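Protein chains: 2
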Amino acid sequence: MKYTLFVFLIYCFFVQVNAQDSTLIRRIYDEALLRGHAYENLRQLCKDIGPRLSGSSQAQMAVDWSYEKMQSYAFDVVQKQAIKVPHWERGTTESAWFKESTNNAKLQKLQLLALGGSIGTNGLLEAEVIEFKSLSDLQNAKRQSVEGKIVFLNKPMDAAQIQTFKAYGACYAIRGNGAVEASKLGAKAVVIRSLGLPIDKHPHTGSMHYQNDVPKIPAAAISTQDADALSKALSSGKVRLFLELDCRDFTDVDSYNVMAELKGSIYPEQIITIGGHLDSWDTGEGAHDDGAGVIHCLEALRILKELGLKPTHTIRVVFFMNEENGNQGGKQYAEWCLANGEQQIAALESDRGGFAPRGFGLDGPDQFLDLIQRFEPTLRPYDLHIFEKGYGGVDIGPLKEKYPGIPLFGFIPDSQRYFDFHHAPSDVFEAVNKRELELGAAAIASFVYLLDLKL
Amino acid sequence: MKYTLFVFLIYCFFVQVNAQDSTLIRRIYDEALLRGHAYENLRQLCKDIGPRLSGSSQAQMAVDWSYEKMQSYAFDVVQKQAIKVPHWERGTTESAWFKESTNNAKLQKLQLLALGGSIGTNGLLEAEVIEFKSLSDLQNAKRQSVEGKIVFLNKPMDAAQIQTFKAYGACYAIRGNGAVEASKLGAKAVVIRSLGLPIDKHPHTGSMHYQNDVPKIPAAAISTQDADALSKALSSGKVRLFLELDCRDFTDVDSYNVMAELKGSIYPEQIITIGGHLDSWDTGEGAHDDGAGVIHCLEALRILKELGLKPTHTIRVVFFMNEENGNQGGKQYAEWCLANGEQQIAALESDRGGFAPRGFGLDGPDQFLDLIQRFEPTLRPYDLHIFEKGYGGVDIGPLKEKYPGIPLFGFIPDSQRYFDFHHAPSDVFEAVNKRELELGAAAIASFVYLLDLKL
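Going down the list, the protein sequences come from chains Z and L.
Numbering follows my numbering, with no gaps: position 168 of the first sequence is 168.
Numbering follows my numbering, with no gaps: position 393 of the second sequence is 393.
The hints are simulated quantities; they were obtained by calculation from the structure and are not laboratory data.
Misleading hints may appear alongside valid ones.
Below 25 Å or equal to it, Euclidean Cα-Cα: the simulated PhoX-like pairs (lysine-lysine) are [stated by the list, open to error]: (1) L:LYS263 / Z:LYS201; (2) Z:LYS109 / Z:LYS133; (3) L:LYS80 / L:LYS47; (4) Z:LYS99 / Z:LYS109; (5) Z:LYS47 / L:LYS201; (6) Z:LYS69 / Z:LYS80.
Chain L stretches covered by chain Z per the calculated footprint, using a threshold of three residues with CB under 8 Å from any CB of chain Z [said to hold, decoys possible]: (7) 26-34; (8) 382-392.
For clarity, every value in this text was computed on a predicted model and none was experimentally measured.
All C-beta atoms, glycine included, are put in the ideal place defined by N, C-alpha and C.
This is chain Z alone, in the form it adopts within the complex (with noise of 0.2 Å):
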């Protein structure tokens, strides 16, 4: 009988428990839908600055637009972290046409941009085209029928793919490494079909490498649409390619991570980083990639100290620099808070756009998946039902090295039109729909939450 008793005790306990999380999960979605800040706040960080690539002015005017939001916000602590990030600026001229080998072709133009950290063409490129229809293809070439040509990788993302990510990831490489491939069998340039998934005038660009012993050539994206083009044409015929980029790179300049905490109450020394990147992409306005992300995670914080809420464990909003090209401010926040001595526990990215929530992705140990599972019946009612092991992110990925066993967290939205304006100039404020971020707010304000009290 006393057993029994114990029994209920604990089962009343328990539902108590749930009972509170329930009302006070309840009062952080309606602080978010009907008194948010989330929509006005990336309408400035998208209008009033724009796009915001490292070492870009627009960068700076971020950095200092985000450290005076913070400090309006009154949170316990408010700084910024000084890092060196790369600089590479696109330039003025950017064109591109090819011509087909018929009598009176025409130049017909192509919607391009370069590849971030490309270099330029140093005047007007010109060349004939071989198309590839993926990265070991082009592997597999002989040189002599690529030296001297420019290469186009033609590879289109896998509509088939229920998770666009998936089809992001295979095709990944050729944005990456297409230069120094085609490079290393004497190709003049790489132009390739941009990464996204409609068939669109919009090019959508992003970062690429060189490597030490193989020569530098220029690299674009070309869209959807023209890649579609280009292809036909070169299906009857030889096609010959005009090129001019005037992109370069310059040398490191000093750029900063800006962050804000709330104290722990019990355990202030033990810290639980949540973040998004605050660079974009010098093109759009960086809205979903990654405007959503760093303003879902401001507003988390702001929520959470609006509602009187004091965590049992510091948590701290991290506006990463430089993740597109570089990841320096990744890179050197968990050298930083290792340097520090500091205790991160626990570490949350919002990367994948403001779309309408799903859940969360765990990348650690499988007890903190047994954890977050046991979130799912308080969470549900708000639509999330992913509970799974997953991906944090790129901002928060060094942690891991530096923290063994850290569990990483990312925030999963759904992923369906995320590939219509990643790194395009399309991914402008417009794209993001009010209600849909401020429900990312919510969603990880609550998550957060649950996590603090039950780490």
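Please build the complex by placing chain L on the supplied structure of chain Z, with the hints as guidance.
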């Protein structure tokens, strides 16, 4: 030992069946995403025809287009069911202004749409405005405060609701019954705050009704932005409103439900009906409401046929006419089925927009809930996770009375953006995302495939 073997064989059988199902569902998604017709068909319906209010020439064009499209797919049966539908037209004059009572106050224009079914104003109608925050506030008001005035019903949809349809449901009666309740107290007209979630300039129309013993008064919806402006003006003094509408009813006209079938290979006499509504409001292009729904179902049937799948039962797609202002299509379809001695064994409706799919709701006996919950493991890899009790839809609703116990299924896409577009000028083709639409068609095709197999 024999028992163990038996259990093992049964287990193998089910594993085998599930593996076959999984392969087929993968093929359904490949067809929808790689070779789909949904997006182009929706473009034709929205751009070549446009909005399709019952009784309009566009509604007839849509009937003809649908019939020809179904015939082009060479389904087993393509037919039209003749029905009578209401015919209301917005007319050519639809304007409103308000004026504050201060000296030198100027007329301020309101963005508005007459509610469907409203009478016109018979010239310019002018009166003082009185605001109510809810229908019950109006019902509790004294006649002397309302008589001779224009009633302004200003209840915002509750943005804190996670399921936006719940927020809509809580405001629905304002649009439907506002005119009757205002007229009972002697009001000259009623103007409502649009049933839309964003604060923007798009008014949202929709159906309303009159009551035989209560004088008819004009009814219109103003945009949420204008509702806020009008409310603000009222908070600082008297406001007069000027309203002119020349909308009117005509006599009922002939129209059609349009349908196509794949005949059942084993039980051809048992019919699974799937559909949406072909008519739309006369603003925007009826893209989400309900172009997406009819295209979903047409595409689902096309995919099943294209893959050579022979359904066990007959699967019939119905494009219902007149869901928006009378539901004559739904009512007369149910009567027609019964009169023809048809066996209707299940029905599914898509009428919640072309957004990313989340699952299916059931309006019907519990045994069918058990059935569809067994679909979850097979459909979960496709991001479908809702399999629960819910609502079927307006068009298939009348089948319930004629076929007691019939399970009605409602397709559930993400609802967050729906009330940005619902019944508004913003509901255009461009508001529908290609992948989200295609995934909806694939989800429905997969669900219907499993339903047919397991029923």
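For the pair supplied as a hint, LYS263 of chain L and LYS201 of chain Z, confirm whether the alpha-carbon distance does not exceed 25 Å. At roughly 43 Å apart (the allowed maximum being 25 Å), LYS201 of chain Z and LYS263 of chain L break the hint.
Between the alpha carbons of LYS69 of chain Z and LYS80 of chain Z, is the straight-line distance 25 Å or under? Roughly 13 Å between the alpha carbons, so the hint for LYS69 of chain Z and LYS80 of chain Z holds.
Can the restraint linking LYS80 of chain L and LYS47 of chain L be considered satisfied, given a maximum Cα separation of 25 Å? 23 Å, holds
Between LYS109 of chain Z and LYS133 of chain Z, is the straight-line Cα distance small enough, at 25 Å or below? Holds, because 22 Å separates the two Cα atoms, which is no more than 25 Å.
8 Å C-beta criterion, at least three residues: is the region 382-392 of chain L covered by chain Z: holds (count 3)
Quick check: do three or more residues in the region 26-34 of chain L have a beta carbon closer than 8 Å to a beta carbon of chain Z? holds (count 4)
Please work out if LYS99 of chain Z and LYS109 of chain Z have their alpha carbons no farther apart than 25 Å. Judged against 25 Å, a Cα distance of about 9 Å means the pair holds.
Are LYS47 of chain Z and LYS201 of chain L close enough, with their CA atoms no more than 25 Å apart? Holds, at roughly 20 Å.
The structure fails hint 1 only (numbered hints given earlier).
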